[in-house]
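K.L.:
Residue numbers (the working numbering), protein chains in the order written: chain A, 7 to 150; chain B, 17 to 436.
The hints are simulated quantities; they were obtained by calculation from the structure and are not laboratory data. Any given hint could be a false lead.
PhoX-like mimics (lysine-lysine), calculated; alpha carbons at most 25 Å apart, straight line [said to hold, decoys possible]:
1) B/Lys209 x A/Lys132
2) A/Lys132 x B/Lys213
3) B/Lys234 x B/Lys109
4) B/Lys160 x A/Lys27
5) A/Lys92 x A/Lys122
6) A/Lys27 x B/Lys109
7) B/Lys162 x B/Lys179
8) B/Lys162 x B/Lys209
9) A/Lys148 x A/Lys122
10) A/Lys132 x B/Lys430
11) B/Lys209 x A/Lys27
12) A/Lys122 x B/Lys430
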Amino acid sequence: MDLNSIYSEIITEHNASHHNKRHVEGADVIEQGHNPSCGDEIQLELKIENNIIEDAGFTGIGCAISQASTSIMIDLIKGKTVEEAKHIIETFLGMIKREITDEKELEILEDALALKNISNMPARVKCAVLAWHTLEQSLNKKNS
Amino acid sequence: MKFQRVLGGNLQMTNKYVADFPVLNQTINGHRLAYLDSAATTQKPVSVMNAVDEYYKQFNANPHRGAYYLSVKATEIYENTREVIKKFIGAEKAKEIVFTKNATEGFNLIAYSYGMNFINAGDEIVISIAEHHSNLVPWQQVAKAKGAVLKYLYLDEEGVISKEEVESKITEKTKIVSVTQVSNVLGTVNPVKDIIKKAHSVGAIAIIDGSQSIPHMKVNVREMDADFIVFSGHKMLSPMGIGVVYGKEELLEKMPPFIFGGDMIEYVWEQEATFAEIPYKFEGGTQNVGGAIGITAAIKYLENVEMDNVNSIEKALVSYALERLSEIPYITVYGTKDINKKAGVISFNVKDVHPHDVSSILDASGVAIRAGHHCAHPLMKYMGVNATCRASFYLYNTKEDVDALAEGLKNTRKWLGYGS
Chain A
7 MDLNSIYSEI ITEHNASHHN KRHVEGADVI EQGHNPSCGD EIQLELKIEN NIIEDAGFTG
67 IGCAISQAST SIMIDLIKGK TVEEAKHIIE TFLGMIKREI TDEKELEILE DALALKNISN
127 MPARVKCAVL AWHTLEQSLN KKNS
Chain B
17 MKFQRVLGGN LQMTNKYVAD FPVLNQTING HRLAYLDSAA TTQKPVSVMN AVDEYYKQFN
77 ANPHRGAYYL SVKATEIYEN TREVIKKFIG AEKAKEIVFT KNATEGFNLI AYSYGMNFIN
137 AGDEIVISIA EHHSNLVPWQ QVAKAKGAVL KYLYLDEEGV ISKEEVESKI TEKTKIVSVT
197 QVSNVLGTVN PVKDIIKKAH SVGAIAIIDG SQSIPHMKVN VREMDADFIV FSGHKMLSPM
257 GIGVVYGKEE LLEKMPPFIF GGDMIEYVWE QEATFAEIPY KFEGGTQNVG GAIGITAAIK
317 YLENVEMDNV NSIEKALVSY ALERLSEIPY ITVYGTKDIN KKAGVISFNV KDVHPHDVSS
377 ILDASGVAIR AGHHCAHPLM KYMGVNATCR ASFYLYNTKE DVDALAEGLK NTRKWLGYGS
């Protein structure tokens with residue numbers, strides 16, 4: 007196992023930076039994400055106006071992988087439409103499950119590509135996908 | 017210093033028991049495996065595996081049923097295990113030994129059969145904040161169903177249930193006291209004898225979780241006067257899927273069965289049934305005979321080593337590990353550092369590094385520790401942490417394992433981008 011491919015600079019920087027770790031003023035969707043087996047907990051807050059994700063932030067506790075993954079995701083989806091965000095989620099989960107391997111198709115993930123190698127560490131996959139599943143639920147909640 | 021002597025005597029680079037555990041003889045990620053998660057499950061010695069293998073090769077049949085040689089033999093082997101366990105834990109009668117699948121099932125048996133039938137509205141059930149979910153969630157169910165109150169014994173600054181807590185929380189209203197002898201998170205040893213005495217003084221029954229004590233130290237149920245003691249086989253060298261409830265005969269007698277169906281009956285009519293005697297009325301369905309053979313072989317192995325030796329090996333390892341961890345400034349160890357109040361479990365955290373990351377980073381150097389909440393959410397909340405790292409020891413661990421842990425921990429912060 008190569009720890010370098012997991013704890014890359016992008017991951018450790020996002021883990022340490024906390025720039026997305028905040029409450030969102032006027033958030034209209036708040037969703038909890040929890041990995042009961044390991045105790046990672048996040049609360050994702052979104053402000054969606056005219057179908058566009060205007061603002062997003064999170065609070066909570068968890069390992070570097072879960073925290074960095076959440077932060078990277080937030081950077082990525084801000085300013086995107088709900089449909090674009092859903093497409094990004096699908097692509098990310100496809101990358102982790104190794105169902106999407108085409109580099110061109112994965113390009114939209116930008117910094118989140120740094121989490122690609124997590125699929126080599128089955129024990130940590132759930133840390134990486136927690137935020138993305140939480141976002142998926144948030145967007146579905148918003149639509150319903 | 018007493019423990020210096022123990023260290024010198026027992027803590028060699030290799031110990032003679034390692035060779036009995038083939039799984040330890042491997043490299044993980046290019047490094048020698050240092051297995052430090054025995055509080056979750058222990059490795060199995062060759063003698064246990066051979067005994068199980070021999071059973072399936074030569075004697076396998078369904079016990080208590082057939083009138084033919086193999087079934088009689090399987091019954092004999094299965095029932096003999098009760099005798100072996102009876103002696104090992106100092107029980108009076110073999111019929112006080114009930115087999116379950118694991119400790120969780122054991123607590124469910126007591127909660128559903130005793131709790132649901134003998135607890136009334138307003139009664140109090142007292143457990144400690146350090147209980148594993150197996151000795152916590154079932155009592156929540158009983159309290160909810162019966163309108164009883166679930167009360168907690170909190171811990172002192174060393175992580176031990178204090179005398180004051182015992183004195184103030186166990187009252188005339190208390191009907192059940194259920195506590196662990198050794199915390200699976202902190203490794204702290206609770207004064208169970210005093211707790212049992214207090215429980216009995218108010219007319220309550222006392223249940224002990226022996227999952228982390230019976231595999232590691234001499235436990236005598238009659239001496240401590242526990243009404244029930246629950247433990248599991250896989251935490252004491254035997255295969256997964258078998259556990260034990262010891263219960264005093266008079267209590268087991270008055271309890272209704274928990275799992276209904278095959279083998280636990282006396283007569284069955286269209287609308288009614290009568291049930292077998294203890295312990296059989298609690299063992300519905302075909303039981304894990306292979307697992308029972310495993311426990312017998314495991315106890316034989318432990319008795320050869322001698323429980324006092326098991327205990328002193330672990331104490332030496334823990335005191336060495338505490339010493340090594342104290343050299344690393346950014347590590348916090350939880351619970352007492354007093355080796356006399358501590359079994360072979362250490363919970364700790366690395367500053368700014370989440371336990372899951374610590375565990376992954378250690379794994380890269382072959383060190384296997386547990387990270388997370390250790391099935392003890394309320395304890396984590398009480399301690400004010402989200403999760404911890406846990407290293408736990410058994411008789412097959414060595415100084416080398418502790419060194420691998422300490423050296424591995426020195427790298428954890430670097431991987432997360434911190435200077436040191």
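K.L.:
Give a verdict on every hint.
P.N.:
Now for the hints, and whether the structure bears them out:
This hinted pair does not check out: B/Lys209 and A/Lys132 have alpha carbons roughly 43 Å apart, beyond 25 Å. Note on A/Lys132 and B/Lys213: the hinted pairing is violated, with a Cα-Cα distance of about 46 Å set against a maximum of 25 Å. In summary, the hint linking B/Lys234 to B/Lys109 is supported, as the alpha carbons are separated by about 18 Å, within the 25 Å threshold. A C-alpha spacing of about 38 Å is found between B/Lys160 and A/Lys27, which places the hinted pair above 25 Å, so the restraint is violated.
Proposed proximity of A/Lys92 and A/Lys122 is supported: the alpha carbons are some 18 Å apart, at most 25 Å. Straight-line distance between C-alpha atoms of A/Lys27 and B/Lys109 comes to about 60 Å, which puts the hinted pair past the 25 Å bound. Distance hint between B/Lys162 and B/Lys179 is unfulfilled; the C-alpha atoms sit about 29 Å from each other, more than 25 Å. Between the alpha carbons of B/Lys162 and B/Lys209 the distance comes to roughly 28 Å, so the proposed pair goes past 25 Å and is violated.
Between A/Lys148 and A/Lys122 the alpha-carbon distance is near 28 Å, which puts this suggested pair outside the 25 Å criterion. Distance check on the hinted pair: A/Lys132 and B/Lys430 sit about 23 Å apart at the alpha-carbon level, within 25 Å; holds. A threshold of 25 Å between alpha carbons decides the hint, and for B/Lys209 with A/Lys27 the separation of about 48 Å lies outside it, so the pair is violated. A distance of roughly 22 Å separates the Cα atoms of A/Lys122 and B/Lys430; the hinted pair therefore holds under the 25 Å criterion.
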